[in-house]
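Protein chains: 2
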Amino acid sequence: MKIGVLGTGTVGRTMAARFAGLGHDVTIGTRDPATTAARTEPDAMGNPPFSAWAAEHPEVKLGTFAEAAVQGEIVVNATGGVGSIDALTLAGADHLRGKVLLDIANPLDFSRGFPPSLSVKDTDSLGEQIQRSFPDARVVKALNTMTAGLMADPAQLAGGEHTTFVSGNDDAAKKTVTALLESLGHDDIIDLGDITTARGTEMIMPIWLRLFGALGTPIFNIKVVR
Amino acid sequence: MKIGVLGTGTVGRTMAARFAGLGHDVTIGTRDPATTAARTEPDAMGNPPFSAWAAEHPEVKLGTFAEAAVQGEIVVNATGGVGSIDALTLAGADHLRGKVLLDIANPLDFSRGFPPSLSVKDTDSLGEQIQRSFPDARVVKALNTMTAGLMADPAQLAGGEHTTFVSGNDDAAKKTVTALLESLGHDDIIDLGDITTARGTEMIMPIWLRLFGALGTPIFNIKVVR
Numbered sequence: 001m002k003i004g005v006l007g008t009g010t011v012g013r014t015m016a017a018r019f020a021g022l023g024h025d026v027t028i029g030t031r032d033p034a035t036t037a038a039r040t041e042p043d044a045m046g047n048p049p050f051s052a053w054a055a056e057h058p059e060v061k062l063g064t065f066a067e068a069a070v071q072g073e074i075v076v077n078a079t080g081g082v083g084s085i086d087a088l089t090l091a092g093a094d095h096l097r098g099k100v101l102l103d104i105a106n107p108l109d110f111s112r113g114f115p116p117s118l119s120v121k122d123t124d125s126l127g128e129q130i131q132r133s134f135p136d137a138r139v140v141k142a143l144n145t146m147t148a149g150l151m152a153d154p155a156q157l158a159g160g161e162h163t164t165f166v167s168g169n170d171d172a173a174k175k176t177v178t179a180l181l182e183s184l185g186h187d188d189i190i191d192l193g194d195i196t197t198a199r200g201t202e203m204i205m206p207i208w209l210r211l212f213g214a215l216g217t218p219i220f221n222i223k224v225v226r
Numbered sequence: 001m002k003i004g005v006l007g008t009g010t011v012g013r014t015m016a017a018r019f020a021g022l023g024h025d026v027t028i029g030t031r032d033p034a035t036t037a038a039r040t041e042p043d044a045m046g047n048p049p050f051s052a053w054a055a056e057h058p059e060v061k062l063g064t065f066a067e068a069a070v071q072g073e074i075v076v077n078a079t080g081g082v083g084s085i086d087a088l089t090l091a092g093a094d095h096l097r098g099k100v101l102l103d104i105a106n107p108l109d110f111s112r113g114f115p116p117s118l119s120v121k122d123t124d125s126l127g128e129q130i131q132r133s134f135p136d137a138r139v140v141k142a143l144n145t146m147t148a149g150l151m152a153d154p155a156q157l158a159g160g161e162h163t164t165f166v167s168g169n170d171d172a173a174k175k176t177v178t179a180l181l182e183s184l185g186h187d188d189i190i191d192l193g194d195i196t197t198a199r200g201t202e203m204i205m206p207i208w209l210r211l212f213g214a215l216g217t218p219i220f221n222i223k224v225v226r
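Which chain is which? The protein sequence lines are A and B, in order.
For the first sequence, position 181 (counting from the first letter as 1) is numbered 181 according to this note's numbering, and the numbering increases by one without interruption.
For the second sequence, position 145 (counting from the first letter as 1) is numbered 145 according to this note's numbering, and the numbering increases by one without interruption.
These are calculated hints, taken from the structure and not from any lab test.
Note that the coordinates shown come from a computational prediction; the quantities given were computed from them, not determined experimentally.
Treat the hints with caution; some may be incorrect.
Here are the simulated lysine to any residue pairs, SDA-like style, with alpha carbons at most 20 Å apart [stated by the list, open to error]:
(1) Lys2(B) to Val70(B)
(2) Lys223(A) to Phe220(B)
(3) Lys223(B) to Trp53(A)
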């Protein structure tokens, strides 16, 4: 399948590499590919520059947000949540029309330091903002409740015995995403309902951040015991 | 142990009965005991009137918020979250001084219908508001992430194989609460840190409400797999 991944940070790289490893045809999109490709220093989080990652993943193509969106039959929003609407606008509403848009971002606002707050919450969500801004895209919120490594390869923790949520208005799009998630190793997938249920999953971030502090590792996830 | 439970709704009744069943000396507190005792009709949620419940639990004493606070060595806030500060003010700061105040409430605002929103969130929490309002109480937030039946008797689901969180500034108070929770059957208790971490647990409510809808039962809980 052709997959366009928007965002070249840790989440975008991790998902792009995993999809490529499963045989998908992946284009990773960024605002300015020349600038992204030219960086030689680690980013503010200490991640290696994109060029170092790209050298290890020659099968992943680099393009603009628009080129990744055009290329993808499924488009994955792995940009930082507070910049997602801008990035998707650059990707182009015309290029998102009718496509499954898998939104895995969280609207984390680091402007007041750590822990971040949420730029949207409770009575609205980033997932809903994206669906409203791009009404012809078929938005499915998923994977935003865990660290990137577990999004891509859940089986590395407890053999995958933990839970993944999907939210969205389009049942066929949720089926497509669910099949894709299963191919990654997610085996307890709960359909929460329409895109407004993204409020619930995005608001897991505050406890996730405190658990990260308390447990000292990001390699944990929620299992809904029932 | 002497336990004062503030609130005669489902949560307060369930916890009071469970504590009494374990042999504790329990007083349940309400704004106006005479009015509470005189009710003969089910409440808006369809719960039987207090008098019917009290007839089955003669070992639980009914008193004012203040009487329950005076009586309790541990005081449990099981009032509705948006009214908790008022109820605790009636209980009396003097009566809470130095005591462990186990806050199990959520700041759910039903004024705009269902699902409720949160009256405080993200950059503050009910737990913090209570600690600020009653600085001499030793506030511990816990149990607010699950339905009342599981708060009181977690072993009824998966033998208790799911997670309970504690947040608070006073380590000794958290130890007291942890021992009390273990006596109820909670066996995976994570200390998240100070009372600001209550932001994380209170913000679980939105996903809890959506899971309640998706699963069709309140008998579920989170397990932190790590």
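Going down the list of hints, with the structure as the test:
1. Lys2(B) to Val70(B): Roughly 10 Å separates the two Cα atoms, so the pair holds.
2. Lys223(A) to Phe220(B): holds, 10 Å
3. Lys223(B) to Trp53(A): violated, 34 Å
In terms of the numbered hints stated before, the structure departs from hint 3 and from no other.
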